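**Q** Residue strings, one per chain:
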Amino acid sequence: MTPSRRFVLLLLTLGMVAGTALFVGRYPRPVWLPPQALREDPLAAQLVWNLRLPRLIAALLLGAALSASGFTLQMLFRNPLVEPGFLGVSQGAAFGAALSILYISRSALGIQTAAMLCALAGLALTHFLARRLRYSGWILRMVLAGIAVSALFSAGIGMLKYLADPLTQLPEITFWLLGGLWSTRWQNLLLILPLTLVSLTVLFLARWRLNVLALEEETAFSLGAAPGRERLVLLLASVGATSAVVSLAGTVGWVGLVVPHIARQFFGANARHALPSSLLLGGLFVLICDTLARTLSSGEIPLGILTSLFGAAGFLLLMVRRKIEVER
Amino acid sequence: MTPEPVLSLQNVWFAYPNGHDCVLQDVSFDIYPGTVNAVLGPNGAGKSTLLHLILGLYVPQRGEIRLAGRPLRNYSRQRLSRLIGLVPQREYIPFNYTVLDYVLLGRTPHLGFLQMPRPDDVRAAWAALERLGIAALAHRYVANLSGGEHQLVLIARAIAQETPILLLDEPTAHLDLGNQGRILTLLRDLAGQGITGLFTTHDPDAALAIADRFILLRGGRILQQGSAAEVTAESLARTYGTALQMLSVDGRRVVLLEIPGR
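These protein sequence lines map, in sequence, to chains A and B.
For the first sequence, the working numbering begins at 4 and goes up steadily by one.
For the second sequence, the working numbering begins at 19 and goes up steadily by one.
For reference, chain A alone in the conformation it holds in the complex:
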C-alpha cells in the first residue's frame, strides 16, 4: 500500500472514530447515546454540542500537537528518544501554570501565558546545560540535561503545592499534573486555537525542510539551509503548539514520544509523509484515550494516566521488537 493510500485510510478511520466518540459516554446510560436523542432530549443535545464536541476537538488538537512537536523535536535534535516532556518543556509548563495559579492569575489566559513562558525557559535551560556538560555525546547530554531540568521544575512544583491553598489552588495544580480534558468548554478551546493552529501549520508546511535540518550541520548548510535560524523557528513552533495544548490539558505524557515512532513504522522516515500522519495518529490516539477516560468508570480517569499506560506499553513493544534504532 502506498503512503497516500495509507494516509487516506488513516483519515477515514479518524473520521469514523470521531463520529462514534461523540455518541459514546455515560449519558443517558453507558455506553451509547442514540443519535435521535439529539432531537428529542434537549439535555442530550446540550451535552453533545457544548461538552462533548469541544472536548473531542481538544483531544484531537492535543494529540496532534504533542505528536507533531515530538516528531519535530526528534528530527531537530537528531534523537529518536526526545519528546517535549524529556526536554523540560512539559514540567516547565506545569511549573508556570502552578506559579500563575498561586501568584499571578487564575484566568485561562494568565495560566496559558505563564505555562508557555516557563516551557520555553525549560527548553532553553536544557539546551544551555547540555552544551556545558562534559560527558558523552550530544544525544545523551540532551536527555540528561532534560531529566535534570525536569527534576528542578518538579521540585519547584512540589514547593508550590506545599504553599498552595488546599481548598482552591491545590486541586487546580493537581489537575495539571494528572492531565485531562474535563474542563474543556468552547471558550477555553477557542483561547488556545490560534497558537495551536499557527504552530501546527508552520510545522506542516516546513516538513520537507525538517528532513534537511535532521542532517548533519555541514550538509544542511551545503544544501542551502540556515540551520541555526531555521531550527529555532521550528523549535519555537513545536514548543508553542505543546505549551498551548498543555495549558488546556495539563501534562499528558508519552504521546509525543511514541506516536512519531508508530508513524515512521507505517509511513517511513521522510517527514513529508511521516509528519502529517503523526498529526492524525496522535489525534486518534488521544481521542481514543480520552473517550475511554470519560466512559470507563462513573468517575473520570485522568487522561495522563491512560496515555502513559498505553504509550509506555507501546514503546516497550517497539523496543522489544527492535523497531527503534538508536546509535551513539
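Be careful, since some hints might not be right.
Partner residues are not named here, just some residues of chain A that face chain B (Cβ under 10 Å, in silico) [to be verified]:
no., residue
1, Thr5
2, Ser7
3, Thr16
4, Met78
5, Pro83
6, Ala209
7, Ala217
8, Glu219
9, Glu220
10, Phe224
11, Ala228
12, Ala229
13, Gly256
14, Phe269
15, Asn273
16, Ala277
Derived from the structure by calculation, the hints contain no laboratory data.
Since the structure is predicted, the reported quantities are computational estimates derived from the model, not experimental observations.
Idealized CB from N, CA, C, for every residue including glycine.
Mind docking chain B on chain A? Use the hints.
**A** Chain B in isolation, oriented as in the chain A frame:
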C-alpha cells in the same frame, strides 16, 4: 591562455572562534573548471576546515575566497548551494530513510523554502542514482548499506544537487580497493563532464591516480602546490613527516613507505 579560475583563495587566515591557533595560515590557490584537485595533508592539517570555508560555513578572518570572480559573501545561501555541493564523510542519520528519499534531499537548493519536490526533482534523483549505477538501491534503507554503497549514495545526493563544483571530504577513506577504484574513476569521469572536483585525502596514491593539481597542507600552511608532475617524494615526505619513495610503474607514480629494517 589559461581560463578564469572557478574558485580562488587569496591569503586566507582562519582560526575557530574558541580556538587559540590559526587553523589555516596564508592559504592561497586557484581551482580551474573541469579539473580534479586533491588536498593532501596529515591529520589536523586543516583539510576539513578548508572545505568548510569554501562552503561558507565559516568566514575567514583575513583574506578572501572568490567564486567565479565574485567574493563568496556576495552569494546568497541558496545561490551558493546551487554552485557548490558537498560529499561529507560517512554521515550518521538517526532515522531510516530510503536511498531515494535521501538522494532527493539533494534537490533542496532548487526548491522554494516550503516547496515539496516536484516530479522533475524525483527524475533528477533517479538520474543521479543511475549515473552511479546504484538505481537498484533506491528502495533500500540508508542504514543498511555497506560503506561503499553509502559513499556512492552520498555522491549521488551531491550529483542530484547539480552543482558545477563538488567538494568531497575523504571520499575513499574506509573503503575497500574495489570501491576506491569506483569512486576515483567516477571523479575523473565527472571532471570530463565539466564538474570541478576538490577532494581531501590521506592517501597520496588516490590523489596521484586522478588529480590534476595538488595542494599539500601541513600545520595549516601550504607546503607545496602545483600540477601532479611537480609533486615529488621529497615534498610528500615533508608533508607527512615520514620517509618515503616514489616509484614509477607503467608511467604512473606510486608512493612507497620506507620502513626501517624491511
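**Q** Each hint needs a verdict: does it hold in this structure or not?
**A** Here is what the structure says about each hint:
The restraint placing Thr5(A) at the interface with chain B is violated, with a minimum CB-CB distance near 12 Å, outside the 10 Å limit. Checking Ser7(A) against chain B by beta carbon gives a least distance of about 13 Å; that is not within 10 Å, so the hint is violated. Given the 10 Å rule on beta carbons, the hint for Thr16(A) is violated: about 24 Å separates it from the nearest Cβ of chain B. With its C-beta approaching chain B no nearer than about 7 Å, Met78(A) sits inside the 10 Å limit, and its interface hint holds.
Because the closest C-beta pair between Pro83(A) and chain B is about 5 Å apart, less than 10 Å, the hint holds. Interface restraint check for Ala209(A): the shortest CB-CB distance to chain B comes to about 6 Å, inside 10 Å, so the restraint holds. Interface restraint check for Ala217(A): the shortest CB-CB distance to chain B comes to about 7 Å, inside 10 Å, so the restraint holds. The interface hint given for Glu219(A) holds, since its Cβ lies 6 Å from the closest Cβ of chain B, which is under the 10 Å cut-off.
Taking 10 Å as the C-beta cut-off, the interface hint given for Glu220(A) holds, the closest approach to chain B being about 8 Å. Below 10 Å, beta-carbon pairs count as interface contacts, and Phe224(A) has one with chain B at about 5 Å; its hint therefore holds. Below 10 Å, beta-carbon pairs count as interface contacts, and Ala228(A) has one with chain B at about 7 Å; its hint therefore holds. Annotation: Ala229(A) was flagged as interfacial toward chain B, and the flag holds, the nearest CB pair being 6 Å apart, inside 10 Å.
A hinted interface residue such as Gly256(A) counts as satisfied when its beta carbon comes closer than 10 Å to some beta carbon of chain B; here the least separation is about 22 Å, so the hint is violated. Against a cut-off of 10 Å between C-beta atoms, the interface hint on Phe269(A) is violated, since the closest Cβ of chain B lies about 13 Å away. At about 5 Å, the closest approach between the beta carbon of Asn273(A) and any beta carbon in chain B falls short of 10 Å, and the interface hint on this residue holds. With 10 Å as the threshold, the beta carbon of Ala277(A) comes within range of chain B, its nearest partner Cβ sitting at about 9 Å, so the hint holds.
The structure fails to meet hints 1, 2, 3, 13, 14 from the earlier list, while all remaining hints are met.
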